[in-house]
Every structure is written in structure tokens, then in C-alpha cells.
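**Student:** Spelled out, the chains give:
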Amino acid sequence: MVSFAARFEDPPLVWGVGRVTVDDEVVPWPVSSADVDDEAESLAPRLAALGLGDGGLVLLVSLLSQAIHVVPFEQAAGRLGARYSSADATPFDAFRTVALTRQLTPAVVLGIDSRVCDGIEGLGRGLGDVFVSVGAVVAADADAARRLASAGLPVARWLRLGPTSAVSTPTDDALVYDDARWRVDEEDGALLLTNLVPRLTGCERFRTGVRGRVLGPGRLALER
Amino acid sequence: MTTLDPTRRYFSPEIETKPRAEIERQRDERLLGDLLPWAYERSALIRETWDAAGVRPDDLRSIDDFREQAPFIDKDAIRAFRDRHHDPYGGLLCLDPDDGGLKNVFSAIFSTSGMTGDPTPAPYAGRGPSFLVREFWELGCRPGDHFLHCLFTFRGPGIHDTVRGVGATPVFVDHQPEDVPQLFRFSRELRPTGWYTLSGPLLMMIEAAAAETGEDLEETFRSYSGVVFAGEPIGPRARARVESWGLELFIQTSLGDVGAATECRQHDGCHYWEDTAFIEHLAPDGVTPAGDGQRGELVSTTLIDKIAPLVRYRSDDIVRRTTEPCACGRTHGRIWPLGRKGDEVVVDGVSVLPGDVWGAIESIPETEAGLFQVVRDRREMDALRLRVGYATPGPRGLSDLSARVADAVHEAVGLEPVVELVEHDVLLRQGPPHKIPRVTQG
Numbered sequence: 001m002v003s004f005a006a007r008f009e010d011p012p013l014v015w016g017v018g019r020v021t022v023d024d025e026v027v028p029w030p031v032s033s034a035d036v037d038d039e040a041e042s043l044a045p046r047l048a049a050l051g052l053g054d055g056g057l058v059l060l061v062s063l064l065s066q067a068i069h070v071v072p073f074e075q076a077a078g079r080l081g082a083r084y085s086s087a088d089a090t091p092f093d094a095f096r097t098v099a100l101t102r103q104l105t106p107a108v109v110l111g112i113d114s115r116v117c118d119g120i121e122g123l124g125r126g127l128g129d130v131f132v133s134v135g136a137v138v139a140a141d142a143d144a145a146r147r148l149a150s151a152g153l154p155v156a157r158w159l160r161l162g163p164t165s166a167v168s169t170p171t172d173d174a175l176v177y178d179d180a181r182w183r184v185d186e187e188d189g190a191l192l193l194t195n196l197v198p199r200l201t202g203c204e205r206f207r208t209g210v211r212g213r214v215l216g217p218g219r220l221a222l223e224r
Numbered sequence: 001m002t003t004l005d006p007t008r009r010y011f012s013p014e015i016e017t018k019p020r021a022e023i024e025r026q027r028d029e030r031l032l033g034d035l036l037p038w039a040y041e042r043s044a045l046i047r048e049t050w051d052a053a054g055v056r057p058d059d060l061r062s063i064d065d066f067r068e069q070a071p072f073i074d075k076d077a078i079r080a081f082r083d084r085h086h087d088p089y090g091g092l093l094c095l096d097p098d099d100g101g102l103k104n105v106f107s108a109i110f111s112t113s114g115m116t117g118d119p120t121p122a123p124y125a126g127r128g129p130s131f132l133v134r135e136f137w138e139l140g141c142r143p144g145d146h147f148l149h150c151l152f153t154f155r156g157p158g159i160h161d162t163v164r165g166v167g168a169t170p171v172f173v174d175h176q177p178e179d180v181p182q183l184f185r186f187s188r189e190l191r192p193t194g195w196y197t198l199s200g201p202l203l204m205m206i207e208a209a210a211a212e213t214g215e216d217l218e219e220t221f222r223s224y225s226g227v228v229f230a231g232e233p234i235g236p237r238a239r240a241r242v243e244s245w246g247l248e249l250f251i252q253t254s255l256g257d258v259g260a261a262t263e264c265r266q267h268d269g270c271h272y273w274e275d276t277a278f279i280e281h282l283a284p285d286g287v288t289p290a291g292d293g294q295r296g297e298l299v300s301t302t303l304i305d306k307i308a309p310l311v312r313y314r315s316d317d318i319v320r321r322t323t324e325p326c327a328c329g330r331t332h333g334r335i336w337p338l339g340r341k342g343d344e345v346v347v348d349g350v351s352v353l354p355g356d357v358w359g360a361i362e363s364i365p366e367t368e369a370g371l372f373q374v375v376r377d378r379r380e381m382d383a384l385r386l387r388v389g390y391a392t393p394g395p396r397g398l399s400d401l402s403a404r405v406a407d408a409v410h411e412a413v414g415l416e417p418v419v420e421l422v423e424h425d426v427l428l429r430q431g432p433p434h435k436i437p438r439v440t441q442g
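If you're matching them up, the sequences are chains A and B in order.
Under our numbering, the residues of the first sequence are numbered 1 to 224, in order.
Under our numbering, the residues of the second sequence are numbered 1 to 442, in order.
Watch out, some of these pointers could steer you wrong.
Stated by the list, open to error - Partial list, computed: chain B residues near chain A (C-beta under 7 angstroms): (1) D118; (2) P119; (3) S351.
What the hints assert, rightly or not - Sample of chain B residues at the chain A side, in silico, Cβ under 7 angstroms: (4) P121; (5) G140; (6) P143; (7) P170; (8) V171; (9) F172; (10) D174; (11) F184; (12) T322; (13) T323; (14) V422; (15) H424.
Keep in mind the hints are simulated off the structure, nothing from the lab.
C-beta atoms are modelled at their ideal positions from N, C-alpha and C, and glycine is treated no differently.
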């Protein structure tokens, strides 16, 4: 196999500038390569809990602006011996989610939001029909979760919580985050995030814009 | 770790300026000695195609033998194999997906744009920076810079790894209308030098957002030393508009699904890299090589992809091609994209490609975004039928607008078109976001 630059000759200190969105306000969020690696390590158990394992495939439906949240899932799949594929979380690209789900039979599809649901239904396809063979369909918002569940699918939730992620499973509604790396505090129903391990962009009781409850160590519930 | 010298002219000078004889020697060695035996041995589609033609890699002693004997494949052959064998990779995959030893090599599966049917899964071998480091360097991007990565997800990490390959930091922005405000903001706050990619639809979104907010685009975009424009051709009006913002565009075009070809600072054709692909272009008879500088169909063979290699892949793309050295000092081949073979319509003996009417449609203020489709049920048509997107009906209504579009097109190609006007959104909904299908069935 030929590699062109062969290696990163002069890698930047900042892996990428992503973003965290708080109450519709975009906060630029630089991360390092070490941050991405550590998040991948942290998220691998979340994917395993969804049923992704050796030889499996997860279809990640997302936007490039979500890269600091999604690339760790890509790398986490590799840590489990699994592969990943990608589609855009837009109505226009819903045809790709449909086609790749049919062609690649993923064990997990993560990131379906209400716009992707709109796109799939706009193609004249039913959600239950498209995802019938998928072990876990992970919704990115409440509306998608409701619609997928109404279609009789095994639904979980993905929550972008500041720069990290919390994920539930089809059999447990609690959103699980890594409490060895992050502390979540609750203040009048608002969830605040603090990093417990080094991160390029640190947060100390960062207001995530998410309202919910801490159920116990590493477990959250969203406000209904 | 080494440090990249920001003053060096080329990213890989020893490769980019290699003498032609050496380029061809290396090509022959890779193609005949390595790629073909590998692909024939492992790719079910290549083996089936070559066996049907009665040819084996051992039969080919020279590049002339390859040109005379190697059979072609195309997208239809891949899809047919996929459907026949229920193989999502269309018989191209050369590795056993269940081989545990390959997990760190074959890590993901991306897909083609899907503009001409189902997206085709493309197995990905995590390789770090791609050959586009040469192009990003040519844009003027250097270590320590920010680089606007404005694309979609289904092509994988190759681009952001490549940005880091030149020592720069990617800034992630969606190729979507909703994210144009962040594109403006990150451009102002982080002052990126490179931008990958700008497209016709995104350009339209930027213009609309700037008109609404009064954004001073020349000031907002002043840090960029180069912007890659990709997805589809750009018309003269759009190009002039972008250049009025102070942006230097570098056109990029697909290289028959084995890579990409991108302009250099001379803007005299799109460079492709002959250490990565063997490119042929064929005369209209479909067999004879077209001459240097002539128009022909691009046929691609990878020299480096051993995961799912395309060998003599008919791309359907019509290009002009030369292997003459460029004034920039690089010695590899260049192409000028002209259109797609399947997009051509012939009316009253006149051949028309979408690019032939592009400028005419852009010349009318209400349709200046250049969003249009040629309605094509077959190659030979009784009339030139166009579906054209408009921003507003104009001061005298749609029939007047239709007549003005028809007059402009008539002047450009000598044919009186049948024009169907539709709102922009009707066409934009047919994305993917960076381009729309330029041909549609009636």
C-alpha cells in the first residue's frame, strides 16, 4: 500500500476545531489528537453495549460539524474489531442511510435525527422497514426516538453533552457517560460538565444546555 | 518528527517534477508487475472480466499490450456483479473482510456520491494523509494554519487527515445552508488559509446569506490563499463573482473514481498524479487512444488501491488531456473536464453538453445561479428540453423569463430550447449538497 505523505511530518498541536452547541449558540471547541484517542477509548464500551462487536459494522449518521463527537465513535469501532460507515444527517442524504443499511447490514445505526426520518419517509419508505434488521437504532433527538419507537424498532439515544457523548441502550433508558473522565453536576435541572482528565479545552462546571437529572454514577435522564 | 519547510515550492518535489521517462517506468512497474497480478488473483470482478476476454496479466509484457488487450469495466458492470452475487463491493474487494489481521487496515466503508444510482460502497484503508497534501500545499496552506474543511461525512477522514498532513488544523463546517453563518464566523475569527470545498450550491447559499446580513465577503474571506471548487463545473458568472470576493479558485474534478485532479496556480488544466493512477482517454470509437490535447473519454486504472482496485474503468467523463509539462514545473498529466458522455444530447445533429448552455443560463439575472438540468430520455432528442431553476419570476413574470432564457440558450447553441421553470429548491433538493444531477429523465 502506498502512502503519500507516509506519515504526519509536522502534525498540528490542535487536531481540529469542532464545536459544542449550547442553547443554539455555537461554541468553537479545539481538541487534540490525545483527546480524540481518549474519547474513543471511553466510547468503545458504549458501542459494545449496543451490540457492536468483532466483525460488526456501525453506520454513523452525522454532520461534519459534529466531528469531535463522531470521530471518537469511528475509532471506538476499530477498538472493538468492528468497522464503520458514514452518511450525512440531512434529508437529502437519507437515501444513503437507506442504501447502506440495506447493502452493509449494520449491527448499529447511530445518529438518526428527525430530519433523516423526514428524508426517509420522503422517499416513500417506512422507518420500520428500512431498519428492520438493525440491532440498535440510536436516535439523536427526541422526535426521532419517538418515531423510531413507534415503528417498533429497538431504539436508543445519543446525547452530545458538551464535548463528550452519553448513550443509552434499547433496554435501558439511562444515558451512560464516562464518570471516570467527566463529572456531571445538576443545578436547577441544568447539567454542568467538568473534565476529570486532561483535555485541550477544559471545562469546569460547563453549562451544556442540556436539562436532565443525574440518576447515579455515569447515568443521566433527560428532562421530559 | 521533521518540520516542514514552509518555503519549499512543492510538497513532494522529487515526485511532482519527476522526468516523464521515469514516471512511465515507475507506472509500468507498478501496473504490470504488481497491481494487475494482485487484482486478477483477488478481485472476483476483475478475474471474471479478464477470463471472459481470454486475457491474463502474464500475457501483458508492455503498456502497449495492456492498451490492446486489457478489458474494460464500468459502473454498470460493478452494479450487475453486486446484484448477481449479493456482494456490496461489486466484486472489487481484494481482501477477506473476515480476516482479523486486516482490521487495522480495512477500517471503514465509505461510498460514492450516488448521483447516478445507488451509492457504491468503497472500502477504506486508513492511510493517514492522502496525495492531496500536494494540492493543499499548492493552495498555500502551511504548518500552523487553519484550514476550512467544509464537506460531508460519507467520504471519511481522508480530507481532515490530509489537512494535518500539511501541518494545518482543520476547522469543521457543514456544506449546508444552515451552517453558512458559522462559515463566515470561523473565516473571520480563525483566518484559515485553505478551504475544501466550495461548490455551486454553496456559493448560492453564501450569496443569499450575505445579501441578507450585509456580510462583507471580501473582508471575511481575506485570509484564504486558495479555495478548492469541486462537485461540478463552474460557470463564468459564478467564477467572476467568487473572484470578486478575493478568492482564488482551484478547480478539482474526479479522476474516474480512482482519485481527483486539481488545478495548480497556473490554472491551466487539473493535475493528476501518475504515481497513483494510469489514465487513458479514448476517441469516440471507444477503443483508439485520443491524441494529446484532444477530447476523449477518461479511463482510469489505480496504481495504489489494493483494497478495491479499479482496472480500466470507463468513467463516462469527457476530458481533454495532455502529458506536456505544466508551466508550474510539475511533469504529471493534466485534464480539462468537459462533461459526461451520458449527459450528451443530440438535437438536429447538434451535440449539446450541459456546459454548453451553462453560461447562457447564468447570464439571466433570475437564473444566474446556474441551477438547471437537461431533460434527456435518450441521446438523440427531438428538442433540447431544459429544466431551469429561478430565484424570482422577474419583473414581467414567468413567461417572459422563459422566453429570455430560451433566447440566451438559442444564441449559445443555435437550438430553440423548451424551457420548464422551477423554483431553486426543487433542484437543490436533488443534492447531495455540493452538486445536482445535470441530466434528468422526462
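**Student:** Under the criterion of a CB-CB separation shorter than 7 angstroms, is S351(B) in contact with chain A as hinted?
**Tutor:** It is violated, given that the least Cβ distance between S351(B) and chain A is near 31 angstroms, above 7 angstroms.
**Student:** Taking the closest Cβ pair, is P121(B) under 7 angstroms from chain A?
**Tutor:** holds, 6 angstroms
**Student:** Grab the minimum C-beta distance from F184(B) to chain A and call the hint holds if it beats 7 angstroms, violated otherwise.
**Tutor:** The hint is violated - F184(B) has no Cβ within 7 angstroms of chain A, the shortest such distance being about 12 angstroms.
**Student:** Using the nearest Cβ pair, does D118(B) come within less than 7 angstroms of chain A?
**Tutor:** Given a least distance of 5 angstroms, the restraint on D118(B) holds.
**Student:** Tell me if P143(B) is really an interface residue toward chain A, meaning its C-beta lies closer than 7 angstroms to one of theirs.
**Tutor:** holds, 5 angstroms
**Student:** With 7 angstroms as the cut and Cβ atoms as the points, is T322(B) at the interface with chain A?
**Tutor:** For T322(B), the interface hint is violated, since the closest Cβ of chain A sits about 23 angstroms away, which is over 7 angstroms.
**Student:** Taking the least C-beta to C-beta distance, is H424(B) closer than 7 angstroms to chain A?
**Tutor:** Violated, about 14 angstroms.
**Student:** Does the CB of P170(B) sit less than 7 angstroms away from some CB of chain A?
**Tutor:** OK, holds: P170(B) within 7 angstroms of chain A, min 5 angstroms.
**Student:** At a threshold of 7 angstroms, is the proposed contact between P119(B) and chain A supported by beta-carbon distances?
**Tutor:** holds, 5 angstroms
**Student:** Under 7 angstroms is the threshold here; is the Cβ of V422(B) close enough to any Cβ of chain A for the hint to stand?
**Tutor:** violated, 17 angstroms
**Student:** Just to be careful: measuring from the Cβ of G140(B) to every Cβ in chain A, is the smallest value less than 7 angstroms?
**Tutor:** violated, 16 angstroms
**Student:** If you take the shortest Cβ to Cβ gap from D174(B) to chain A, is it below 7 angstroms?
**Tutor:** holds, 5 angstroms
Of the numbered hints stated above, those contradicted by the structure are hints 3, 5, 11, 12, 13, 14, 15, listed in ascending order.
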